[in-house]
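Residue numbers (the working numbering), protein chains in the order written: chain A, 1 to 476; chain B, 1 to 476.
In short, the hints are calculated from the structure, not lab data.
Hints may be right or wrong, so weigh each one.
Note that the list lumps identical chains together, so a pair holds whenever it fits in one copy or between two copies.
[Stated by the list, open to error] Derived EDC-like pairs: lysine to aspartate or glutamate, alpha-carbon spacing no greater than 20 Å straight-line:
#1 K376 - D255
#2 K332 - E382
#3 K332 - D174
#4 K228 - E293
#5 K228 - D444
#6 K257 - E370
#7 K332 - E170
#8 K204 - E123
#9 K79 - E69
#10 K376 - E293
#11 K380 - E357
#12 K332 - E357
#13 K228 - D112
#14 K257 - E303
#15 K433 - D178
#16 K152 - D16
#17 K433 - D192
There are 2 protein chains.
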Amino acid sequence: MSSDDLNKRIAKYLDDHQKDYIQRLSDAVSIPSVSAWPEHRPEVVRMVEWTKSFMETLGITVELADVGEQKLSDGTKLKLPNVILGTYGNDTAKKTVMIYGHLDVQPAQLSDGWDSEPFVLTERDGKLYGRGSTDDKGPVISWLNVIEAYQKLNEPFPVNVKFVLESMEEYGSDGLEDLLKSLKNTFLSGVDYVVISDSYWLGKTKPCLQYGLRGICYFFLDVECSTKDLHSGCFGGTIHEAMTDLIAIMGTLVDNKGHILIDRLYDEVVPLTLEEEELYKPITFDTAAYCSEAGVQSTIQSEKDQILMHRWRYPSLSLHGIQGAFDGCGCKTVIPRHVIGKFSIRIVPNMKISTVEKLVENHVQTIMKERNSPNKVSVKLEHGGDYWIADPNNPQYVAARKATVAVHGIEPDLTREGGSIPITLTFQEQTGKNVLLLPIGASDDGAHSQNEKFDISNYMNGMKVMSVYFQELAKL
Amino acid sequence: MSSDDLNKRIAKYLDDHQKDYIQRLSDAVSIPSVSAWPEHRPEVVRMVEWTKSFMETLGITVELADVGEQKLSDGTKLKLPNVILGTYGNDTAKKTVMIYGHLDVQPAQLSDGWDSEPFVLTERDGKLYGRGSTDDKGPVISWLNVIEAYQKLNEPFPVNVKFVLESMEEYGSDGLEDLLKSLKNTFLSGVDYVVISDSYWLGKTKPCLQYGLRGICYFFLDVECSTKDLHSGCFGGTIHEAMTDLIAIMGTLVDNKGHILIDRLYDEVVPLTLEEEELYKPITFDTAAYCSEAGVQSTIQSEKDQILMHRWRYPSLSLHGIQGAFDGCGCKTVIPRHVIGKFSIRIVPNMKISTVEKLVENHVQTIMKERNSPNKVSVKLEHGGDYWIADPNNPQYVAARKATVAVHGIEPDLTREGGSIPITLTFQEQTGKNVLLLPIGASDDGAHSQNEKFDISNYMNGMKVMSVYFQELAKL
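Here chain A stands alone, though its shape is the one from the complex (with noise of 0.2 Å):
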């Protein structure tokens, strides 16, 4: 059977049976498996056991890995769910898929504003309602649906498929890292291409493929003036407050337009050549949507591919805080004694977080030194995540173009995140692949708000994209 006559009868199959993929997704969605809740977590184990044994009618293998325990805040420690981890087919004249999602969700409740009961997956006007539905419950469904597909049909599978599914990614992805590097010589070693099947598209309507994700350095900033916090009537205007000097440099690192003020920071920015400026020029993207998606009055740049490129491609410098000043309401006329300042910097491409460190512990330095204050000031990368990168036109992205130009008749856009998904870049290194980022769910489906929804016509078309791009990847 021509290429072309499979979709169709996989397309086919799939309409026919969309009552039941539904059904499916509320099964699915009625397990409230929220991985920030302790309390929950015998729900977050039985959503586990769900989708075991929804592989296992399917004859995928499931090996069930313990990632150990989770410390909670309270000292007490609780087991950490196990990781699917899915073997579907291995025939060795065959591509090998590994894809990843998750099976644990926010937490949600009605009283948090919902219009439906959020673990009730309730449709309303061709859309789904319900905590998980598009966050990643029905994405990780939707590949399992189309390996059912096959089977009803009698159709080989195109490709081996290997699944990673956690059930902590709400919560800091708690053993995964460990587990993948564990796996790298093993259960990783045979994988030829990895999807990560956790993202959004840029838009409403338009699909994209996500090709790049921004990195984190994030920044403690130290500073200590007394040994107790003091009173602004009996000290102030006498000695060297920290906070004077912990704002005086904080104000010193990014200015009104966004652009970050550490001397060389943006030297190992790789230069806007004309080929990936290109990129941008096709890009459907609403700045009026942005900007009230995001409640903001306007944006820093006006020009569309700028918005996009200081999202993606540029470093930005945020001031998340201060701890240790005060914070409360009212008026305290206190001199804090020892304050933090919070600050990050996402980077990009070829920022080294090494260097960034540097350049930072230099600022600060230059800046105390004009500063001529006794006070003891230290600076502290207090995390660092790699940004990550793909190359658009990878055969894997080629292959996932065109299953997207098939079922939806236009070229999806190509895009990046401005955040971090660290395990994108573990998936990479430990299976030395390529590494794509395919969404199916839109930009409004509010993944971590109230009323998160997936569109029955994204849920039904994302099918068909993973069915062809499957297809795809066999022809190469």
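Assemble chain B onto chain A, guided by the hints.
Just chain B now, kept in the frame of chain A:
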């Protein structure tokens, strides 16, 4: 009897009864009259009753003034302790002195790090340790002990005395200001001099009189960038962050030398005259002890006189903190939507609150115009309190200086305080008379700290100074 002879008789009587005075203070300290602890309100009331009884045994007419209710944070109401209004003598040929003090104390528990039970007055090395010993039960009882001494010696009292003894001083003096305003034409009308008996020497050994307090203008600088908190990965680099504007503005307020950078802010500060400069020269001040007490490395100014002037007669600006920003431990990659910077300016003669408010508003507007930010920014004077200044050559001050010389054999330093005691200004306004701050405790008494103490020598000498001060007033 000559004044000198009378002084000697009184001094001898006081010295002969030292044990009784320590016992009396011990009785008062044993009542844990903590005004900040609502459940201790009966103890505060008991302290008021104890004092009233003692005063009545001395023939002082006592009226208990009801100052209404306190609204607790849980919404419930609690009766405020009555304010004691005492009247001793009404001889129109004599001057009338009004004495202010308070009967409530700061919280204290042995587990806070006290070396002995805070509510058991404990003598060690000539010092009386206990909560309230120096703040303010010791000083209040001293005035009453002096009256008793004159009575025991059958000496006519040199002046009429009025007392205003409140019991909410450590918790904001709830209700006192309104009470004083209501008493302007009755209880307060015949007063010639006011003495505030609730402050401390500048150092540990040399007495002082205080003739000035700084005022305060406390500002809320409000910046709002969006309708919700944003993720710095998704939005960092493209929007005008509230924190960036806030920190930039806060960074323009004061330089590394403590100099306030708000245009024209120093215009209303009275120029330093040679005469005023002379006042500073004899003052004993131990810079090293000051640094050690605060736990700072060094002061901004190196000269003693300059340090004192910057505490007392120049304005200062302190940055207290930020409400609404990330203030916790760890890393949070938030762009806070709405942040409120808290800072205050200590004001001095002849700065007007209204002028300071206008200059700060202008400053913020000027900076924001330069920044060209779309964010909503406003600055609000949240609280304003005037400075207070008296003439240290006023007859009442001269009387207190003579009394100090007579007892200590040394001229007291003429000093000020950098903080505010708002009730001082209220007394001055409602009586229209000269107000004197007459401290008898030392700077290391630890009024609000663990191991609060009152030196026996200061207790005894304080009473002697009070006695002579009364006699000197009678000569005016």
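Taking the hints in turn, this is what the structure says about them:
1. K376 - D255: For K376 and D255, the Cα distance is within 20 Å only across copies (18 Å; inside one copy 26 Å).
2. K332 - E382: between (29 Å within a copy, 11 Å between copies)
3. K332 - D174: between (40 Å within a copy, 17 Å between copies)
4. K228 - E293: Result: close only across copies, 9 Å inter versus 43 Å intra.
5. K228 - D444: between (48 Å within a copy, 15 Å between copies)
6. K257 - E370: between (25 Å within a copy, 12 Å between copies)
7. K332 - E170: between (37 Å within a copy, 14 Å between copies)
8. K204 - E123: Intra 18 Å, inter 77 Å, cutoff 20 Å: intra-copy only.
9. K79 - E69: within (4 Å within a copy, 53 Å between copies)
10. K376 - E293: Between copies, since 18 Å is at most 20 Å while 41 Å is not.
11. K380 - E357: Within. Shortest intra-copy distance 8 Å satisfies the 20 Å Cα cut-off; inter-copy 38 Å does not.
12. K332 - E357: between (35 Å within a copy, 18 Å between copies)
13. K228 - D112: Between copies, since 15 Å is at most 20 Å while 41 Å is not.
14. K257 - E303: Only inside one copy: K257 and E303 sit 14 Å apart there, 43 Å across copies, limit 20 Å.
15. K433 - D178: within (18 Å within a copy, 77 Å between copies)
16. K152 - D16: This pair counts as within: shortest intra-copy Cα distance 12 Å, inter-copy 109 Å.
17. K433 - D192: within (6 Å within a copy, 91 Å between copies)
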